[in-house]
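Start from chain A and add chain B according to the hints.
Chains as they are written, first to last, in our numbering: chain A, 1 to 242; chain B, 1001 to 1242.
Derived by calculation from the structure, the hints in this document are not laboratory data.
You can take every hint at face value.
16 Å max Cα-Cα, derived EDC-like pairs, lysine to aspartate or glutamate: (1) B:Lys1152 x A:Asp20; (2) B:Lys1154 x A:Asp17; (3) A:Lys152 x B:Asp1017; (4) B:Lys1154 x A:Asp153.
There are 2 protein chains.
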Amino acid sequence: MSNKPSLNTVLSPRVLDLYDVSNSIVVIIDVFRATSTIATALYNGAAKVIPVDSVAKCIELGKITEGITAGERDGKVVEGLQHGNSPAEYPREFIEGQTLVLTTTNGTRLLHMALERGASEVITGSFPNLSAVCDHLVKENKNVILGCSAWKDKFNLEDTLFAGAVIHRIQEHFTIHCDSSLMAENMYNLHKDDMYQFIRKTTHWHRLAAFGLEKDLEYCVTKDVANVLPVYRNGALIAAEI
Amino acid sequence: MSNKPSLNTVLSPRVLDLYDVSNSIVVIIDVFRATSTIATALYNGAAKVIPVDSVAKCIELGKITEGITAGERDGKVVEGLQHGNSPAEYPREFIEGQTLVLTTTNGTRLLHMALERGASEVITGSFPNLSAVCDHLVKENKNVILGCSAWKDKFNLEDTLFAGAVIHRIQEHFTIHCDSSLMAENMYNLHKDDMYQFIRKTTHWHRLAAFGLEKDLEYCVTKDVANVLPVYRNGALIAAEI
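With the rest of the complex left out, here is chain A (with noise of 0.2 Å):
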């Protein structure tokens, strides 16, 4: 047997208790747009990302932290909230030195599930920060859960083939046998070089480019233009230092 950290991708959260989280590395994934929007603030400065999975408790904790309000139910801002899901509202010159707090749905259940189940580490991760993601789990060489946030607990295309490219570039440094891993790869490595003319076939397109919402699923898909390791620390991600 191979001495390889192991690697599992899990498709929903709803079947993230199948797998072994416990003193694993699990990274968050929502490309479509949470994880995005975490990696590009970071990136651009924030002070931290505090992710809330209700409107009510973001607008309690961004009196609290003086921190800025964000989120959006069906593509527009809700009421009560100072600013949106996509990652073009938080340029530096916004966002820098700021406390983000953000309510999702998906991505912030599976987040708080990882932690309650024992998950070693809990980072993000998005195309915008792929390098980033790769070089830490190549580099802590421990057990690794790729977490699919999805759409309401179904299936969906973009974080698997986020949760793909991931296993394409650092596979040769795991032990890997997981049906949802090679599905992934193969669908990443099937549409890397078409990626743009892919995600219009997916069901989020359908849902969010009715809003006019085009260039942000397409940054979205677009490796490396926000690279920084989003980690869970004592209740907000923080960039660290990579």
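This is chain B only, laid out in the frame that chain A set:
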């Protein structure tokens, strides 16, 4: 909007409740090996196949129906049962006119879940009866759920490949807004000319090939060698007229 019926793919029993099963035809898929064996037994003249979820129930129903009891765990016939899960065990000279009581875990559970959730019809699908399944779905012109039995609720590739084979064949007749279906069709299309080699990479292959079942697994991905339509009626799967 199109008036075509919808088609969705369910990657694990764990997420069946996220889909509207009522008034849909549900195709139970358990390629290695339950639904391949069911197709083969019925094709070879079995009167009916009763799928049960426990060994105790298998023995009990075997007595009541004077049927042949069958079931494996980890590639070996279970103590107290007469036969195994291999399609090769059910040639016409053995199974014709008989009742087969088959204990399987993943597939049987999904079948009962689909019935409880109001499926209008439950059929079983596998590569040996691919054409019969496709022809039936096109003819019926109803909403379809392709239900992958998975492995202890974990995603598996072989069931997904069969879902992809069905979609590849009949997609023009359905409205498909489903990332799982798009992925399944992509995976089937990628590997359709290399199936015998590709299945050697699946986790299930590694589980079963240790028991010398390579020929079995290759049979289970061979199209139309037992082209019958198993339909669930009154507690048993029978061969419908096609």
